[in-house]
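Enquirer: Listed below, chain by chain, are the residues.
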Amino acid sequence: MTNSFAVAFAVARKDLTAEWRTRELVPALAQFVVLALVIANFGFQIDARNAPSIAPGVLWLALVFAGLVAFGRAFAAEREQASLEAMLMTPASPVAIFAGKAIAAGLLLVGCEAILLPALSLFFGTPMSAPIVAAVLLATIGMAALGCLFAAMVARIRSRELLLPLLTLPLWIPFIVAGGHAVQVAMGAGGSYDQALALLVDFDILFVVLTSLAARFVLDE
Amino acid sequence: MNKYEKAAAAAVGLMLLAAGAIFFYAPTDWLQGPAQRIFYLHVSSAIAAYGCFAVVLLGSVIYLRNASLAADRFARSGALVGVIFTTVTLVMGMLWAKKVWGTYWAWDARLTSTLVLWIVYAGYLLVRRLAEPGRQAARFAAVVGIFGFIDVPVVHFSVQWWKTQHPGSVIVRDALPPEMLATFLFTMACTVVLAAVMIAIRYRIETLADGQVAVIEERSAVVTPREAEPTR
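These protein sequence lines map, in sequence, to chains V and Y. Every letter in the first sequence is one number past the one before it in the working numbering, and letter 70, counting from 1, is 113. Every letter in the second sequence is one number past the one before it in the working numbering, and letter 105, counting from 1, is 341.
Hints in this document: simulated from the structure, not taken from any laboratory. Note that CB positions come from ideal geometry on N, CA and C, so glycine has one too. Treat the hints loosely; a few may be bogus.
[Stated by the list, open to error] Just the calculated beta-carbon pair ranges, DEER-fashion:
| no. | chain 1 | residue 1 | chain 2 | residue 2 | range |
| --- | --- | --- | --- | --- | --- |
| 1 | V | Asp-245 | Y | Thr-339 | 50 to 58 Å |
| 2 | V | Arg-122 | Y | Gln-268 | 37 to 45 Å |
| 3 | Y | Gln-372 | V | Val-252 | 21 to 29 Å |
| 4 | Y | Asp-265 | V | Ala-91 | 28 to 36 Å |
[Claimed, not checked] Covered stretches of chain Y (chain V as the covering partner; in silico rule of three or more C-beta atoms under 8 Å from a C-beta of chain V):
| no. | stretch |
| --- | --- |
| 5 | 354-365 |
| 6 | 372-381 |
Next up, chain V with everything else stripped away, as it sits in the complex (with noise of 0.2 Å):
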């Protein structure tokens, strides 16, 4: 058991080395999230009156596509050295392995959130508050499962730009449906943020169970 913590935690550094070194995945994140806010602000009418309405629709917007870039490179330079493989032949389980790549793709979004919601507050004049921060953490751990998971699996199948979209956002609607919820009632909708909260953590369980149940039917293959 010790060991399985040991190996996921070894891939999530290893992960999370690659990136420090080459800073590659975290600065384009951030300047695509940017880059959406700025989309936004010329889609809608904004003003202080409408911004709160608007701002929580524009963050999972940007959060679920940066995480659908996120999670698809999680697994694409596994694939282009054909490292994932050589993981695999160890005796490491592979429900480990795919723990750790959910681990390091997941701190990797979480980077990325760390540069859209300051700027969602700057841009869009809406509160960056601790409730916030919560909905959207706990949103990223099963939007992180499920992403990982998909990617591991279209990583082996062509077109998987156009099949990682199709088949991870139904899955992550869970997610933006309670989130947006939470974040909704942070901004000053009415409504009930602990039970949004409850929600959140009932889907986080669920799904990653499911997935590290799922995962090795993926990984295996």
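With chain V fixed as given, assemble chain Y onto it according to the hints.
Expert: Here is chain Y on its own, set in the frame of chain V:
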């Protein structure tokens, strides 16, 4: 006529009988008018679609457990037929909604989850087409099939906070007059038979296609070593 053609003809005959019951036997609803007649086929095809996706789930789980080719073929057939019935459900529901609600679409729990259902299994069919045929396609699709089946109730549940506009279950609440109930039950039975026949025919097509793939692989396996032989 082989047995598949006979079954198909019987299913079409049953559907025509159901159409007769819907238009000539069932009374016109006093509030919704003739638009209410959409209900019979709309709900029946939704039930048939759920049945098909249950077949996908079952086939996928069995395939992941013991790599049974037959289970995978059932899953494949179920997904295709299920997507067709979901399309029918969505289109008929939208027509009804335009007439009764005044709009084609509302983001209500049942509509949203049905749309997600459609997208998930359309994705399932795409995975089948794009993944390498054989073990890879079957495994990946099985994972998608299982996740999709779990995702739909979760989406339904999470959207349900907001007010739901979709009519509740009139059948369970005993709100239908006997003629309407009889028409509905008959239509539902016919639709389920139609779905079963479609799955059976599709299963036959998949079996033949798998057989052809196997024959092609067998031939290429026979040809390649001979070509690889060194010429003396």
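Enquirer: Give a verdict on every hint.
Expert: Now for the hints, and whether the structure bears them out:
The hinted window of 50 to 58 Å between Asp-245 of chain V and Thr-339 of chain Y is violated, with their beta carbons roughly 32 Å apart. Distance hint check: the CB atoms of Arg-122 of chain V and Gln-268 of chain Y are about 55 Å apart, inconsistent with the given range 37 to 45 Å. Between Gln-372 of chain Y and Val-252 of chain V the C-beta distance comes to about 24 Å, which sits within the given range of 21 to 29 Å. A C-beta distance of roughly 49 Å is found between Asp-265 of chain Y and Ala-91 of chain V, which places it outside the suggested range of 28 to 36 Å.
Given a C-beta distance limit of less than 8 Å, the hint that chain V covers the stretch 354-365 of chain Y holds, as 6 residues qualify and 3 suffice. Counting residues of the stretch 372-381 of chain Y whose beta-carbon sits less than 8 Å from any beta-carbon of chain V gives 6, enough to reach three: the coverage restraint holds.
Hint violations for this structure: numbers 1, 2, 4, all remaining hints satisfied.
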